[in-house]
Each structure stands twice: as C-alpha cells, then as structure tokens.
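Line by line, the protein sequences are chains A and B. Taking our numbering, the leading residue of the first sequence gets 264, the next gets one more, and so forth. Taking our numbering, the leading residue of the second sequence gets 264, the next gets one more, and so forth.
Some hints here could point you the wrong way.
Where chains are identical, the list cannot tell them apart; a pair therefore holds if satisfied intra-copy or between any two copies.
Stated by the list, open to error - Here are the simulated BS3-like cross-link-like pairs (lysine-lysine), alpha carbons at most 30 angstroms apart as the crow flies:
| # | residue 1 | residue 2 |
| --- | --- | --- |
| 1 | Lys370 | Lys290 |
| 2 | Lys370 | Lys294 |
| 3 | Lys370 | Lys476 |
| 4 | Lys374 | Lys290 |
| 5 | Lys476 | Lys337 |
Honestly, the hints are just simulated from the structure, not real lab data.
2 protein chains.
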Amino acid sequence: MTDLDGNHSVVSIHALERFPYYLNYLKSLDKENIKSISSPFIAKALDLNEVQVRKDLAVLNSGGKPKTGYVLEKLITDLETFLGYNNVSEAVLVGVGHLGKALLSYKGFEKYGLNIIAGFDINEEIVGTGVGEKLILPLTKMKNLCRRMHIHIGIITVPAENAQDICNLLIDSEIQAIWNFSPVKLTVPDNILVRNENMAASLAILSKHLIEKTHRPNSDNK
Amino acid sequence: MTDLDGNHSVVSIHALERFPYYLNYLKSLDKENIKSISSPFIAKALDLNEVQVRKDLAVLNSGGKPKTGYVLEKLITDLETFLGYNNVSEAVLVGVGHLGKALLSYKGFEKYGLNIIAGFDINEEIVGTGVGEKLILPLTKMKNLCRRMHIHIGIITVPAENAQDICNLLIDSEIQAIWNFSPVKLTVPDNILVRNENMAASLAILSKHLIEKTHRPNSDNK
DNA sequence: TAGATTGTTAATCGATTAACAATC
DNA sequence: TAGATTGTTAATCGATTAACAATC
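Using the sequences and the hints given, assemble the complete structure.
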C-alpha cells in the first residue's frame with residue numbers, strides 16, 4: 264500500500280481510522296450541550312486507552328488544558344478540518360452494478376466531503392439512464408471528463424476480473440486516489456493512494472467467528 | 264473489539280484480512296490452468312513478504328512442498344473452507360435507507376456465504392414493500408423472526424444516532440455477530456463480535472491524501 | 001494548595017521480516 | 001546431487017500502553 268504522504272506524516276492509518284469515531288462521539292456530546300471533555304472520558308466511551316486518545320488528539324493541536332480537558336467545539340472543528348470534511352472532493356464511480364448503484368444513490372457521503380459526480384459502465388443498456396440524480400455514462404467518456412473536470416477520486420465497483428484494467432484507466436484519467444471495493448490487490452504507481460474496502464474480509468471474519476462458536480459451544484460464555 | 268474467539272485463535276485479524284486477496288489471486292491462476300504455486304510467487308503478485316505468505320498459509324495445513332510449492336486446487340479449497348464460504352450464514356439487515364437498500368439488493372454476498380433474508384425498518388411507508396427479492400418488515404417483528412429462524416448475523420445501516428439502540432435490539436434477538444456500517448463504536452457483551460465497515464475512515468484517508476498532495480505539490484513525484 | 005489532566009519519554013506488546021536448517 | 005522452497009526460530013519494526021514531570 265502506498266504510504267499516506269511518502270515521509271513525514273505523523274499520523275498512522277490506525278489513528279486516522281479512529282478519528283471518525285472521535286468525531287461522531289464528540290458530536291453526540293455537543294448535542295447535550297457539554298462544553299469540554301477530558302481524554303479519560305473519551306477513552307472510556309470508545310473503549311480506548313487514554314494515552315492513545317491524547318496522542319491521537321495531539322496532532323490536531325487543539326490544546327487541551329490540565330484539569331479541564333479539551334474544548335469540545337474546537338475539537339470538533341479541528342477534527343472536521345483535519346479529516347477534510349470541509350473540502351468537497353469530487354469522484355467518479357466505475358461499475359454500475361448493485362453495489363455501484365447503491366453508492367451512487369447514497370446521500371451519506373456528502374457530509375464526509377465526497378461528491379460522486381457520475382457513474383461509468385460498459386453496459387450500453389444502462390448508459391444514458393440515471394441512478395438517483397447521477398448520470399450513467401459510457402466508459403469511453405471517462406478519461407476526457409475526469410481530466411477536464413480535475414476529478415481526483417475514482418471508486419471501483421466492477422467485478423474482480425476487470426478491477427485492474429479499470430484501475431489503469433483511472434490512473435490514465437489522472438485520478439490520484441482510488442477507493443477499491445473489489446477483493447483485488449491493485450498495482451499502482453507510488454503516488455496513487457489506494458484504499459481497499461474489504462467487504463470479503465469482513466464477511467470472512469464474521470463467518471469465522473460463527474464457525475468457531477458453533478464448534479466450541481459455550482467456551483466463551485461468562 | 265471482541266477477540267475473535269477469546270483465547271487460542273492463531274490467526275490475527277490482519278492475516279484474516281489478507282485471505283480474500285490470496286483466494287481471489289489463486290482463483291485467477293486456476294483459470295489459467297496453473298497447478299501449483301510457491302510463496303515467493305504469491306508474495307510478488309500481492310506485494311507481500313514471502314515469509315508472511317508462508318506463515319499465513321501455514322494455518323490452512325495445505326502442506327506446501329519444497330521445490331514445487333503449494334497445490335493450487337487444495338489451497339483454494341482450504342481457503343474457502345477456512346473462510347467459511349461453504350457454510351451459508353443468514354443475516355438480517357436493519358435500516359433500509361440508501362445504503363441498506365444497496366446491500367439488500369447486492370447479489371455479490373452470496374458467493375461469500377452470506378444470505379440476507381430480510382430488511383427491517385421503522386418507516387411504515389416502506390414496510391411491506393420489497394427491495395430486490397427481499398422483503399422489508401417492521402422492526403417490531405425482528406426479535407421474533409431472528410429467534411425463530413436462528414439468524415446469527417445482524418447488519419446495521421441505520422443513522423449513527425440509532426445504531427446503539429438497534430445493536431441492543433439485535434443482541435436481544437440472539438444475534439451473535441454484527442456488521443456495523445455506522446461510524447459508531449458499539450458497546451456489546453464479550454461474546455458478540457462486531458465488525459466495523461468504516462467508510463467514514465476510508466473517506467478521511469482518501470481526503471487527507473489529496474489535501475497533502477495539494478499542499479505540498481510534487482513532493483512525491485518520482 | 002491539592003488534585004485532575006495534559007503531553008512526552010520509556011517499556012511493552014504484537015506483527016512483520018530476516019536468517020537458516022530441513023527437505024523434496 | 002544441487003537448488004529451490006518450505007517452515008520455524010530470532011531480530012526488527014511499529015504501535016500501544018505505562019510511567020511521570022509539567023501545569024492549570
């Protein structure tokens with residue numbers, strides 16, 4: 264996997280993965296009119312180590328104070344800025360099957376700063392139709408559109424067999440980051456970031472848990 | 264997060280996450296009529312360390328041989344068995360919004376051994392209708408149905424505010440594993456496994472990458 | 001002030017990788 | 001046999017956690 268920024272990024276991927284949980288939790292506190300919060304409190308709520316929380320939050324420079332903790336509102340703003348939710352990024356999606364359609368019509372991405380501007384597919388029967396408010400365009404138009412509109416994110420929801428080809432096409436379209444929903448290890452140049460949404464792994468982990476539970480019944484009932 | 268099986272599971276989550284990539288790659292080789300494969304070869308293709316590959320595959324007891332490597336077909340079968348793709352697990356999904364609808368209609372889960380049998384929602388307007396071939400039922404019927412049918416997996420696609428309540432309801436319905444698509448750290452008993460599909464984190468990571476690229480242009484162009 | 005809390009340095013833990021003997 | 005490859009033990013690396021001085 265490509266490193267986040269080559270060298271001096273101080274935030275690990277693991278830390279970055281925790282940030283949305285912090286943000287979501289802090290927002291829920293904000294609704295209850297709480298003004299400040301301490302790291303042990305956050306740690307307790309999210310089942311983390313309090314030092315880890317402080318270390319994570321330290322990168323935001325939100326300046327916690329001994330005795331009182333962090334100012335909730337500042338922490339929320341800083342997290343949103345840091346995570347880039349304030350910048351809107353535009354993306355294209357390739358592969359308008361069931362999953363592709365789902366992501367195209369999902370409104371939830373907007374609040375995280377992602378705007379999918381169109382879907383692309385080779386299937387001529389669906390080209391020209393729309394999903395939600397998003398248009399489905401032929402794959403042949405992708406390169407031109409991405410370059411012209413300076414789109415930087417590509418979402419891959421094609422079958423495994425075609426994933427690498429589509430990936431290459433996206434890179435040729437000057438995409439800089441790829442969100443990959445296929446269970447394929449993509450080969451990309453160093454400067455392209457790939458984030459794998461490994462649903463197959465998730466299912467495997469769930470399934471494994473159930474198998475082990477069935478085979479060794481009651482072994483972990485307290 | 265709940266440990267996979269409490270104590271003597273030898274496979275780490277990280278290793279488990281790599282398995283779907285092995286499986287997918289090996290299947291692509293199988294199509295090309297290749298009969299056996301070595302760990303250095305797999306490592307090269309998936310950009311991993313060869314020792315890591317051997318260590319991962321060792322848990323399958325597929326018995327690689329010096330000089331020739333592993334028998335491809337056996338490796339594939341063993342991986343599928345290990346990952347539980349041969350067991351079909353049944354699941355219910357709660358929260359039939361855009362994302363929920365998408366997952367309900369997605370056919371891709373079947374080949375990973377997951378069968379979503381129905382969707383549940385509180386919105387009376389959509390209750391009674393269907394998505395794909397899946398029925399949408401009122402939340403009030405969930406507990407009874409899950410218990411009667413011995414459903415073991417619950418998928419959460421409700422908004423963050425409701426995620427914990429739904430989680431509690433699922434546990435009360437005797438669900439044993441939860442696939443959580445909300446950006447919420449769920450609180451569950453030790454024997455319940457939660458797998459978070461952290462889309463918010465993925466977006467944050469993509470976004471962060473783009474921001475850093477913009478701010479320090481050409482710093483990582485080779 | 002006394003005590004809670006931060007931020008940082010050092011120790012620990014777990015996972016990855018290197019080294020190597022065994023073996024086909 | 002010679003060489004490629006496995007499987008395992010030891011070293012390294014990175015992330016988490018514990019210990020603690022600084023501070024409000």
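Tested hints:
1. Taking the shortest Cα distances, Lys370 and Lys290 sit within 30 angstroms of each other inside one copy (19 angstroms), while across copies they are farther apart (35 angstroms).
2. Taking identical chains as interchangeable, the C-alpha atoms of Lys370 and Lys294 lie at most 30 angstroms apart only when both belong to the same chain, with a minimum of 22 angstroms there against 39 angstroms between chains.
3. For a Cα distance limit of 30 angstroms, the shortest separation of Lys370 from Lys476 across copies, 27 angstroms, qualifies, whereas the shortest one inside one copy, 37 angstroms, does not.
4. In the homo-oligomer, the alpha carbons of Lys374 and Lys290 lie at most 30 angstroms apart inside one protomer (13 angstroms), although the nearest pairing across protomers, at 38 angstroms, exceeds that limit.
5. When the C-alpha separation of Lys476 and Lys337 is checked against a cutoff of 30 angstroms, the pair qualifies only between copies, where the shortest distance is 25 angstroms, while the shortest distance within a copy is 44 angstroms.
In this structure, every one of the numbered hints holds.
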